[in-house]
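Asks: Construct all of the structure, not just a fragment, from the sequences and the given hints.
Chains as they are written, first to last, in the numbering used here: chain A, 94 to 553; chain B, 30 to 87.
There's no promise every hint is true.
Think about it this way: if two alpha-carbon atoms lie no more than 30 angstroms apart in a straight line, the pair counts; the simulated DSSO-like pairs of lysine-lysine are [said to hold, decoys possible]: (1) A:Lys105 <-> A:Lys144; (2) A:Lys105 <-> A:Lys220; (3) A:Lys370 <-> A:Lys497; (4) A:Lys287 <-> A:Lys144; (5) A:Lys321 <-> B:Lys66; (6) A:Lys321 <-> B:Lys61; (7) B:Lys66 <-> A:Lys548; (8) A:Lys370 <-> A:Lys144; (9) A:Lys370 <-> A:Lys266; (10) A:Lys144 <-> A:Lys420; (11) A:Lys550 <-> A:Lys117; (12) B:Lys61 <-> A:Lys237; (13) A:Lys266 <-> A:Lys419; (14) A:Lys145 <-> A:Lys287; (15) A:Lys420 <-> A:Lys222; (16) B:Lys61 <-> A:Lys501; (17) A:Lys237 <-> A:Lys392; (18) B:Lys61 <-> A:Lys322.
So these bits of chain B aren't anywhere near chain A, every CB distance computed over 10 angstroms [stated by the list, open to error]: (19) Tyr44; (20) Phe70; (21) Phe72.
Please keep in mind that the hints were generated in silico from the structure rather than gathered at the bench.
Glycine included, C-beta positions come from ideal geometry on N, C-alpha and C.
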Amino acid sequence: MVNYTRHPSSFKDPAGFVFESGGKVYRQVNQYYASQYQQLMSSGLYDALVKKGQLIPHQQLHQNLTQSPEWYSTLLPEPVEYISYPYEWCFEQLRDAALLTLNIVRTAIQHGMILKDATPFNIQFYKGKPVFIDTLSFDLYNPKQPWIAYRQFCQSFLFPLYLEHYLKTDIQKILSSYIDGVPVDFIARLLPLKSRLSLGVWLHVYLQQTAAGSQKQGKAAETRFSRKKLLDLVSHLTNIIQHFPAERIYNSTWSNYYEDSILSQEYLREKETIVRKFCAVTNAKSVLDLGANDGHFSKVFAAYNMQVVATDADSRCIARLYQEVKKNNITNILPLILDIANRSPAIGFNNRERAAFHERIQTNMVAALALIHHLVIGRNISLPALAEYFSQIAPELIIEFVPKEDEKVQQMLANRPDTFPDYTATTFEACFEQYFNIAGKQLISGTSRMLYHMKRKDAA
Amino acid sequence: MHHFLLYIDPGSGSYLVQVIIAAILGALFYFKNIWWKIRAFFFRPKKEDPEGEDSVNG
Chain A
94 MVNYTRHPSS
104 FKDPAGFVFE
114 SGGKVYRQVN
124 QYYASQYQQL
134 MSSGLYDALV
144 KKGQLIPHQQ
154 LHQNLTQSPE
164 WYSTLLPEPV
174 EYISYPYEWC
184 FEQLRDAALL
194 TLNIVRTAIQ
204 HGMILKDATP
214 FNIQFYKGKP
224 VFIDTLSFDL
234 YNPKQPWIAY
244 RQFCQSFLFP
254 LYLEHYLKTD
264 IQKILSSYID
274 GVPVDFIARL
284 LPLKSRLSLG
294 VWLHVYLQQT
304 AAGSQKQGKA
314 AETRFSRKKL
324 LDLVSHLTNI
334 IQHFPAERIY
344 NSTWSNYYED
354 SILSQEYLRE
364 KETIVRKFCA
374 VTNAKSVLDL
384 GANDGHFSKV
394 FAAYNMQVVA
404 TDADSRCIAR
414 LYQEVKKNNI
424 TNILPLILDI
434 ANRSPAIGFN
444 NRERAAFHER
454 IQTNMVAALA
464 LIHHLVIGRN
474 ISLPALAEYF
484 SQIAPELIIE
494 FVPKEDEKVQ
504 QMLANRPDTF
514 PDYTATTFEA
524 CFEQYFNIAG
534 KQLISGTSRM
544 LYHMKRKDAA
Chain B
30 MHHFLLYIDP
40 GSGSYLVQVI
50 IAAILGALFY
60 FKNIWWKIRA
70 FFFRPKKEDP
80 EGEDSVNG
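Replies: Now the structure itself:
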């Protein structure tokens, strides 16, 4: 018998489960799901979706690796290295994931199948595009029945999009609190009055809220539904979501950071030259860019063929980068929203269903450019604590130290007492040298900022 | 032959609401279609109906 570990999030669906064995991730199909799986493969649905790049391709193995009596087949899907969750996606990413889900429903119906669930956790951003990863989500389609996953779709796609659209503010933190999506009661109370003028809101939010209170269910509904009705419903949802403004602009703190900075052009050029120098000598194949802003340096790393996870706490920066990744078909940058001082936690059943950020996303290198002063002075995180944190996540590190005399730091200190006597380059180096060896160090000319290339002591 | 895997709860009232929504959408699309026919009769059609219309006929 082969050793395997069942994935902690894979407990809901009796159709099968995901497990890991020998460093590979497999999906077991149970007997229970045999006829649905056969339909998926023989109807041409699998081929159609894989051809469009909408479903993750898999290899079918005829080996019962788990020795389980319910075994029907084992799938080896193409591995997706970086798993991200909806509370790390910007509006545009969630919207594209929603449209992909509806698109798949439509294709599935043509092949006699339907999605039996509709959660963003079934979608990953892979090679720059959303792709559906849950091969066992397809069920046989009964035209007499409404869509079983309709409520789930609304809660986890439509409602969050509505919230962000009408409230014009980030809603990612709300999504990490509601693992099964935003409840209808909650959103109905939050949406502004003017939202009632929208037919979509009226039907999918308020009408649904009223109906949710009713106990009448099932039987009568079954006889009155049809394929055309379902297609109308799916089209309506698609229309609503497609017509959210393509580029949602509201000013945020960071979205014009580089444009606003006077020294930007020259400073950026100098900094890029040094970063490129560091990139030329590293063997790192992947990098986590923290505080990526508009992704200027993420693109530099990507040009060195590294797999880049670009993160920023500002959703507008990430949105802008995502649009660019999409437009230019950049396959090795994954933009994600992340607040380093309050990262995505582990959530769900037993706190193991959805892993915390760094458990999912591990890279050979971490980049922290023009970041450290925000954490120390903006968030009161001490240099020793930061050095320890970086030592846990970064075998290799490119980090910029922005000293107190820097214009930006002076701005941060303008309205508060300076309680950071230890915030100096000497302390910074001493703290980081506890865990790292400094492999390269260079002043960005024209500024007092210093760039470091460090390697963790154990990484040799 | 159809045994549905009801592992997620469709939610109380969610089937009912879909029946109602589908009926409303059906009616809307029906009138919209008539409207387009009237328009086409009086005006030379400039362009095909915008996206989403395909579902009305299909």
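Asks: Holds or violated: Lys61 (chain B) with Lys501 (chain A), Cα cutoff 30 angstroms?
Replies: 57 angstroms, violated
Asks: Taking only the CA atoms, is the gap from Lys266 (chain A) to Lys419 (chain A) under or equal to 30 angstroms?
Replies: 24 angstroms, holds
Asks: For the pair supplied as a hint, Lys61 (chain B) and Lys322 (chain A), confirm whether the alpha-carbon distance does not exceed 30 angstroms.
Replies: Holds, at roughly 16 angstroms.
Asks: Are Lys370 (chain A) and Lys266 (chain A) close enough, with their CA atoms no more than 30 angstroms apart?
Replies: 38 angstroms, violated
Asks: Need the status of pair Lys237 (chain A), Lys392 (chain A): alpha-carbon distance at most 30 angstroms?
Replies: 50 angstroms, violated
Asks: Are the Cα atoms of Lys105 (chain A) and Lys144 (chain A) separated by 30 angstroms or less?
Replies: Measuring from Cα to Cα gives roughly 28 angstroms; hence the hint holds.
Asks: With a cut-off of 30 angstroms on the C-alpha distance, tell me whether Lys145 (chain A) and Lys287 (chain A) pass.
Replies: 38 angstroms, violated
Asks: A cut-off of 10 angstroms on Cβ-Cβ distance, and Phe70 (chain B) was said to be off the interface with chain A. Does that hold?
Replies: It holds; Phe70 (chain B) is separated from chain A by about 25 angstroms at its closest Cβ, greater than 10 angstroms.
Asks: Does Lys144 (chain A) lie within 30 angstroms of Lys370 (chain A) when you go C-alpha to C-alpha?
Replies: 40 angstroms, violated
Asks: Can you confirm whether the C-alpha distance between Lys144 (chain A) and Lys420 (chain A) stays at or below 30 angstroms?
Replies: 20 angstroms, holds
Asks: Under the criterion that the straight-line Cα-Cα distance not exceed 30 angstroms, is the pair Lys105 (chain A), Lys220 (chain A) satisfied?
Replies: 28 angstroms, holds
Asks: Holds or violated: Lys321 (chain A) and Lys66 (chain B), Cα atoms, limit 30 angstroms.
Replies: 21 angstroms, holds
The structure is inconsistent with the numbered hints 4, 7, 8, 9, 14, 16, 17, 19, although it conforms to all the rest.
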